[in-house]
Structures are given as structure tokens and as C-alpha cells.
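S.K.: These are the residues of each chain, in order.
4 protein chains.
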Amino acid sequence: MSDEPEKLADGFFAGSITTRERACFEAGIKLGALFHSILRFPFKNEKSSLISIQEGFNTSFKAQPYVKDVDIKIVPPEDGKYTKSHEFDYGIIQDYMVDVTLKLNYKGIDLVAKIKWAPELNYPLMYIEEIT
Amino acid sequence: MSDEPEKLADGFFAGSITTRERACFEAGIKLGALFHSILRFPFKNEKSSLISIQEGFNTSFKAQPYVKDVDIKIVPPEDGKYTKSHEFDYGIIQDYMVDVTLKLNYKGIDLVAKIKWAPELNYPLMYIEEIT
Amino acid sequence: MSDEPEKLADGFFAGSITTRERACFEAGIKLGALFHSILRFPFKNEKSSLISIQEGFNTSFKAQPYVKDVDIKIVPPEDGKYTKSHEFDYGIIQDYMVDVTLKLNYKGIDLVAKIKWAPELNYPLMYIEEIT
Amino acid sequence: MSDEPEKLADGFFAGSITTRERACFEAGIKLGALFHSILRFPFKNEKSSLISIQEGFNTSFKAQPYVKDVDIKIVPPEDGKYTKSHEFDYGIIQDYMVDVTLKLNYKGIDLVAKIKWAPELNYPLMYIEEIT
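Going line by line, the protein sequences match chains X, U, E and G.
Residues in the first sequence are numbered consecutively from 27, following my numbering.
Residues in the second sequence are numbered consecutively from 27, following my numbering.
Residues in the third sequence are numbered consecutively from 27, following my numbering.
Residues in the fourth sequence are numbered consecutively from 27, following my numbering.
In case anyone wonders, no lab produced these hints; they're calculated from the structure.
Remember, it's a predicted structure, so these values are computed and weren't measured experimentally.
We put the CB at the ideal spot given by N, CA and C, even for glycine.
There may be inaccurate statements among the hints.
[Unchecked claim] Derived SDA-like pairs: lysine to any residue, alpha-carbon spacing no greater than 20 Å straight-line:
(1) X:K33 - X:N131
(2) U:K133 - E:L151
(3) U:K99 - X:E81
(4) U:K129 - E:K88
(5) U:K140 - U:V101
(6) E:K88 - G:P102
(7) E:K88 - E:Y132
[What the hints assert, rightly or not] Some residues of chain X that are not near chain U, with every Cβ distance over 12 Å (derived):
(8) A59
(9) V138
(10) Y149
Start from the sequences, fold in the hints, and give me the full structure.
M.R.: What follows is the structure, encoded as C-alpha cells:
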């Protein structure tokens, strides 16, 4: 594989940026984009249905540069809300159902980044759990 | 299944609306939402990768009300553009790659709606191919 | 303006489709797409901020074919939740905050379509309020 | 303003993460999310229309934590392509039209991040231009 394009891209960054900082930036871009992509997809609250959707998403986001692995989980609330009882009663992927683990390797830096709903903050928290 | 919610929803519509017109409206909503949901997902231009992504999408959109079947195809251009030769060279689902067939049954009306790229219009055309 | 492209598009539709049905389909596509586009935008819960965002959205969607007018309102819940008290405490446009009125004229058919949160259904209801 | 939530969030991050790395991560999240949010909005290729849309977007994304300023520009290609000559001939915000400058201040770190179309890469490049 040619590394010309990577060098070209590198030229746009501030000179003082470290490889670790670049890895953190990449992780942020990927989580931000992934999160906005998967929200609002419909689902049936059955294991086989959720697995098929998750697998499609994982296959997709694994195609991106620097991604070693990605594990996207859709976790509907266990309140029976999505047991279909009428026509409009199916699930939609909402922010509080999303649980993501993303493993990147950016030029030798290994990084594990996550999206997890933080009920204390009422917010989908994105964070870097490990970096080496 | 309770049909209360459907009756409730019906009450919001103009009295002169026919069941066929409602079916057409439903088809439009679903195509509009589906199209905007699947754009910009990354993919590797390999058959197995595309199939996994397509299956996930199909499983998802089959969960929606009135949907009998849905067939979403991602058709990358056959120009070798997405053969990975450098880090940034992966595919992104673009409007001109999307090919969708959606079969609805809305209260007895059967309808086949499609999204197809119309190169003459440079536009992703959405249309109703059959209605009975 | 040339009407060639419209004729071209017409050729894809089932022959039995009426102009009213086409208008309903168009309304559905536009509401489905619009709804998915505006969700998840951040906002400050101040009148001037909401007005600027709404105006930008309205200007955008008025550019589409057949649209006579569109009025998109973001209505945050009046519970003080979005009074900024910490860094993560800003608003995100959620489905239950969206209120849309879309006026279309499709080949002589006038149509008013809406998106309104239906608390009874826990669902953003899309419907056609008037068609003439 | 309470800083409890920020401390809570901090607790999720790897201990070795520096403030600069956190700032880079935040910049990535914001660019990734912003980019996916603004794509596919329709527009009329007139100055006043583009300005109204841009202002709405800017107002929105300024509401986010740590954002000092944001300047989103939609730059349609100057090829006359979006001069309306028929019903389907309006613009849609595409990746190659997006030009963004985002200024963050994260706990004393000032950072300028950008999205710019890189024709050499056929790719919307996101990068950090300055960090201090």
C-alpha cells in the first residue's frame, strides 16, 4: 500500500502534534461519526434481529482506516416497552441504547475508546479507556 | 394486537384521504428516512462485507409498521476505485450506490416502492412501481 | 424551466397512480428526510438561538421541489432541563421536540403535512392535515 | 456552574491521558458529529440562502461544550450546476462542499480544527491546524 496519501494528510496538521494526540483525534472522529450514523435505525426487540443489525454495523465500521476492531451493541431497556403490542410499537435506536467499543491502532499507538450511556449525566459519554 | 393506536393516528388525517393515498404517504416516509439513514456508512468493496451490511439494514427496516419486505443493495461503481490501495481508500455509501425495493401492505393496499439512481437526472429517484 | 426531467421521472411510476397519490408520496419523502436531518443538532435553550437554527432549517428545506412553505419549530420541554448548569447540559434536538408544518403544491394539488409528537403513542406522528 | 459532571466524566478516561490528548479527542468527536449532521441538507445556490443555513448551523454547534467558535461554510462548485433549470435541480450539501473551522478551548488548551475537502485524496480531510 502506498503511504503517499498519509504523508499528504500529515502535512495539514500542526507540527507539534504527537502520534498519541493524532490517535486520540482519530478516535474522536470515528466515535462521533459512528454514533450519528447508527441512531434512529428501527429494530425488533429479538435477539436474532439485534445481532443481524449489530453485525452489519460492525462490518461497516471495521472498513475504516486504523480500526482494529469494533463492537457495537444495541441494548434496549428491559422494561418490555419494545414487545410489539401495536403497529407503532417497535424500537428505534436511541442514544441511551448504544454501547460501543472501538479498538484503533494508529502508527503503533493502541487505543480503546468507548461510548456508554452515563445515567448520572443523562449523556452518551465518549471516552478513551486505554492508550499505550 | 390492539388497533387503538392506529385509530388514534387515523384521526389526525384529512377526512378525504383514501387508503391508497395513505399507503403512498407511508411509502414516502419510509424511503425518505431509510435513504438518509444508510448514506455515509463505510464499506469494504468485497462481496461478503457488502452482504453483511445489507443484511443488517434489511433486518432493521423490516421491523417497521406495514413493511412486508425490503431489499437494500449497495452497488459500488465498477471502476476499481474502492480497491484498497492506501489508508483513506475505502468506500462510503453514496447516493448513487443505493438501490432499494420496499414492499408495503397498508390496510390491504399492496405497494412496491423503489430508490434508484437516475443518471439522466443526476438524482436518486424514489418512485412507486406498483400499487394494487 | 424545462419540464423534461419531470416527465422522465413520471415514466417510472405505476400507470394507475393519481396526482393526489403522487402528492402524498412526495409529502412522505420530504417529512421522512427532513425529520432525520434535523435530529441531534445541539442548541442553547434561548429564544434567539432557537430562532436562528429554525430559520436555517426552513431556508434549507424550502429549496426542495414542490415546497411552498415549511415551518420547523424546535420546542424544548419547559422543565428547566436545558438551563445550562454544567458543561454537558445543553440541548440536543430530540424527536419529541420537533413540530413541522410543510405546505406542498404538486401539480395543482395543495397539501399540508405535519410532524407532531403524539404523547399518547410515544411517537412522532407524521400526517396529512389537508389536501385539496 | 457545577464541575461535578466534568469530574465524573474524567473518571472514565485512562489515567495516562493528557489534557492536550483530551482536547484532540473532543475536537475529533465534534468534527465527526458535525460533518454527519450537516450533509444532505438542501439549498438554493444564492448567497442569502447559503448564509441563512450557515448561520443556523453555526448557532447550533456553538452551543456545545468547550466550543469557542465555529465557522461552517457551504461552498457549492462554481460550475453553474446548481442554477435551477428544472424541478429536481437544487443543491444538496455534499462532502466536497463542506469547509469548517472549529475553535475549542478545553481546560486551557486552545485548538483550531478543520474540515476541508482534499481533492488529492478525494476525501474530506479533518485535521488540527493549531494547538497551544
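S.K.: Of the hints given before, which are not true for this structure?
M.R.: Hints 4, 8 are the ones this structure does not satisfy, whereas the remaining hints hold.
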